[in-house]
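Q: Could you build the full structure based on these sequences and the hints that come with them?
Spelled out, the chains give:
Protein chains: 2
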Amino acid sequence: MAVYTHLSADDLEALIGEYDVGGLVSAKGIAEGVSNSNWIVETTTGRFILTMYEHRVEAADLPFFLGLLDHLSGKRSPVPRTIHDRQGAAFRTIEGKAVALIEFLPGVSIDTPRPAQARAVGEALAGIHLAAADFPGERPNTMGLPTWRKLLGDCGERLAEIDSGLPDLVARELEFLETNWPNGLQRSVIHADLFPDNVLMLGNRVSGLIDFYFACTDIMAYDLAVTHAAWSFGGDNSFRPAIGEALLAGYVARRPLPEEAWAALPVLARGAAMRFLASRAYDWLHTPADALVTRKDPMVFAERLSFYEAQGESVFHRPIA
Amino acid sequence: MAVYTHLSADDLEALIGEYDVGGLVSAKGIAEGVSNSNWIVETTTGRFILTMYEHRVEAADLPFFLGLLDHLSGKRSPVPRTIHDRQGAAFRTIEGKAVALIEFLPGVSIDTPRPAQARAVGEALAGIHLAAADFPGERPNTMGLPTWRKLLGDCGERLAEIDSGLPDLVARELEFLETNWPNGLQRSVIHADLFPDNVLMLGNRVSGLIDFYFACTDIMAYDLAVTHAAWSFGGDNSFRPAIGEALLAGYVARRPLPEEAWAALPVLARGAAMRFLASRAYDWLHTPADALVTRKDPMVFAERLSFYEAQGESVFHRPIA
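Protein chains in written order, with our numbering: chain Y, 1 to 321; chain G, 1 to 321.
By construction, these hints were calculated from the structure, which means they are not laboratory data.
All of these numbers come straight from a predicted model, not from anything done at the bench.
Any given hint could be a false lead.
No copy is singled out in the list; a pair is fine if it fits within one copy or between any two copies.
[To be verified] Pairs of lysine to any residue residues, derived as SDA-like cross-links and limited to a Cα-Cα distance of at most 25 Å, are as follows:
no., residue 1, residue 2
1, Lys296, Ser8
2, Lys97, Asp111
3, Lys28, His55
4, Lys296, Asn180
5, Lys296, Asp10
6, Lys28, Leu202
A: Pasting the structure below:
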């Protein structure tokens, strides 16, 4: 959470003047975004989020990400529109950094969801999978299984510094996943990072799905597994069955899962937990303890991985209905 | 700049429910405030800034600060109103920390002011001095001359780590200021920290004066000197005479300065520069280089102090008019 780059009032006014959005009224840097800087910008016609891409998002990927927002919002998914400048461009460049202006959406992020909220999130996730079906863009998943192997390999023996049991868990599960990762499941553009932070809600309604910067072309049921791993555990990291079930029920109410996807969910959930274990363990061991960025505890996802290893088959039982 | 405390959606909804401001629509942590956490909160009736006082502001001072906002905004100064809760309280407590809801004001902070903007800032500063004349609250200046001596004394010989010339400058100027600090000048409640960050502007108009957490009862002309020291120097720290003159002209257009205040301004400006040199030098030597808070360079104000020492008499010539 940070604003890495200072934009002066003159910079902001000149930038906003390139868009047909009225005059600048207010701009406040907001404490969101790990790899980019964000401002809430108010103009005489509305409110917007201004994002400056500091480094992680390659400019080459921006047409995919911003085009996806246009496509999904055009289909009435609760996704912010990209505001195009007067020349029609989806992003501009300031001092060598790409910036984009996107729609501001109402809502707040939920820490401790209720089942009705989890159900709505499942429905919204299915909604973007369906709406993305005819999106022409493609982007490989740069955080897929080969990357988990690579990130964890780079950690090497230091994984034991995090927890003495971690090297065994990682070795066993990576081998399991490489042997059992499903082929042939339906693919679409997926969000791939739909944590509660990235969902805005008004009561039980999803008002916004945001932060599509891991979006990629991959197995839709894997996105459901990622969302399950991100939402279904409490503050003490214990599984909340009512939340997990509501999420699945909401998803399949909008997009029924074929038999083979149901069968694969236990493996996909182990993969989802491994994906966040891998990035967090890597960051944990490669980020100075006193850095500006708060490190996220990798053991949260090691525990969820162990949970799915032990309980996945019973958690993802296909509803009888 | 930070949000130090996490507030969940449930916390925020419960808090907003204590005020007659409609339902919660959105809340974003903003990258403002060094010693407190701030959110832009949108409700069904408007927008507000929610501030959580993390430590520096003593709860005992909050009635003064928040009452001052009420008093000044009631006199149509461009100052945010304090929103009182349904019981009439100006602040509430969450988990032992005080929180207040204040009006959101439009405008952006200016990095490089134009003379017309500096003039408007001078006028606005005079306006709050006049509007505060009948404010019943009093608060001693906890960042006055005795504190400069104490903070710099705590730095001791380590001042030379910042710059080899600093110990001599500090010793000479502290002695000068203690000998020459004016008595008997008119006092009111002053802002005491009116840096560009704390002024919101729309074009050449001041739309907001914010962050009154150093406000105190002190010499009004000292506040003008603080504002002069904060605004009249460029990015290379060179004096910008047109800005300094416009600031003074704007102030006296609204509140003429008596002869003795004009005469004291060179000394007051040396004091103003010393005040920020003292706090910055202290923080520089007492904050780890890798801390979350960005340290501000004390030498910026050492240079301004030397400038006022050499040039103060000519800078603060009373206009002939």
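Q: All hints are to be evaluated individually against the structure, with a verdict given for each.
A: Taking the hints in turn, this is what the structure says about them:
With identical chains, the CA atoms of Lys296 and Ser8 are at most 25 Å apart between copies only, with a shortest distance of 18 Å across copies and 32 Å within one. Taking the shortest alpha-carbon separations for Lys97 and Asp111, only the inter-copy value of 21 Å comes in at or below 25 Å, while the best intra-copy value is 33 Å. Taking identical chains as interchangeable, the C-alpha atoms of Lys28 and His55 lie at most 25 Å apart whether they share a chain (21 Å) or sit on different chains (23 Å). Taking the shortest alpha-carbon separations for Lys296 and Asn180, neither the intra-copy value of 28 Å nor the inter-copy value of 55 Å comes in at or below 25 Å.
For the identical chains of this complex, Lys296 and Asp10 are inter-copy neighbours only, at 23 Å across copies versus 37 Å inside a copy, given an alpha-carbon limit of 25 Å. Taking identical chains as interchangeable, the C-alpha atoms of Lys28 and Leu202 lie at most 25 Å apart whether they share a chain (23 Å) or sit on different chains (14 Å).
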